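Sequence lines, in order, name chains H and D.
Counting from 1, one number per residue, gives the positions in the first sequence under the working numbering.
Counting from 1, one number per residue, gives the positions in the second sequence under the working numbering.
Simulated from the structure, these hints should not be mistaken for lab results.
Just so you know, not all the hints are guaranteed correct.
For identical chains, the list gives no copy identity; a pair is met inside one copy or between any two copies.
Computed cross-link-like contacts, SDA-like style, restricted to lysine to any residue with a CA-CA straight-line distance of at most 25 Å [to be verified]:
1) Lys107 with Gly14
2) Lys34 with Ala117
3) Lys107 with Leu17
4) Lys34 with Glu21
5) Lys107 with Ala83
6) Lys34 with Glu47
Just so you know, these numbers come straight off a predicted model, no measurement behind them.
Protein chains: 2
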Amino acid sequence: MTVTLHVCITCRAGQTLGDGEATPGARLHAAIVKAGAPTGVDVVSVECLSACNQGCSVALSAPGRWSYVYGRLSEVDAPAILAGAAAYAAAADGIVPWRRRPEIFRKQSLARIPPIAALPEAAE
Amino acid sequence: MTVTLHVCITCRAGQTLGDGEATPGARLHAAIVKAGAPTGVDVVSVECLSACNQGCSVALSAPGRWSYVYGRLSEVDAPAILAGAAAYAAAADGIVPWRRRPEIFRKQSLARIPPIAALPEAAE
Numbered sequence: 001m002t003v004t005l006h007v008c009i010t011c012r013a014g015q016t017l018g019d020g021e022a023t024p025g026a027r028l029h030a031a032i033v034k035a036g037a038p039t040g041v042d043v044v045s046v047e048c049l050s051a052c053n054q055g056c057s058v059a060l061s062a063p064g065r066w067s068y069v070y071g072r073l074s075e076v077d078a079p080a081i082l083a084g085a086a087a088y089a090a091a092a093d094g095i096v097p098w099r100r101r102p103e104i105f106r107k108q109s110l111a112r113i114p115p116i117a118a119l120p121e122a123a124e
Numbered sequence: 001m002t003v004t005l006h007v008c009i010t011c012r013a014g015q016t017l018g019d020g021e022a023t024p025g026a027r028l029h030a031a032i033v034k035a036g037a038p039t040g041v042d043v044v045s046v047e048c049l050s051a052c053n054q055g056c057s058v059a060l061s062a063p064g065r066w067s068y069v070y071g072r073l074s075e076v077d078a079p080a081i082l083a084g085a086a087a088y089a090a091a092a093d094g095i096v097p098w099r100r101r102p103e104i105f106r107k108q109s110l111a112r113i114p115p116i117a118a119l120p121e122a123a124e
């Protein structure tokens, strides 16, 4: 299944930036794009994941799966984020065994949200 | 649209509990159920929203809408949580104007996640 990795590009991660200086969120997004998304992972930038006190942050989601938000990230974490996203995409149900998750996913979870019920009205 | 309010019932909110003592999460869930879900809000308990450092926590979600996670809550917040959930359910697109959100939703956001794309394969 193709999953979505949302990357907050507006995050300042508590830093004061100079004129025209890229935000830490934009730098994280650039590092992820540069590293290259693995098969089954669609990288999408987003303006604010409302986790500003715990930025930089990313979110993993896909239809019918638990969604996950991770924080306290920076551009050096791009490879681990992509490895974790690839494992999420490859897991049949999106639930990656705990020990196979990158350390940042084990220790820097901000939240997870159960699969969103496909209500009858949503199928209209 | 019917939306889902997930309430983490396993959250200890940093407290040490005695034998048989209800968790703060279970007490929050009970307070929400006792207050009564407003029209269009389905209250669902969940074991862990992975926001343990910021508990108690709840999540609001619905098909095609942004999902929201809020934290640092307790049972006294039940009425405000339900008012916020009702506003989310009533908003045509799930986006409640900032000033109409309860203060706990404005100040205690843990994260939000963009609507999950309905990929073609998900419609199979």
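Notebook entry, point to check: Which of the listed hints are broken here?
Noted result: Violated: none.
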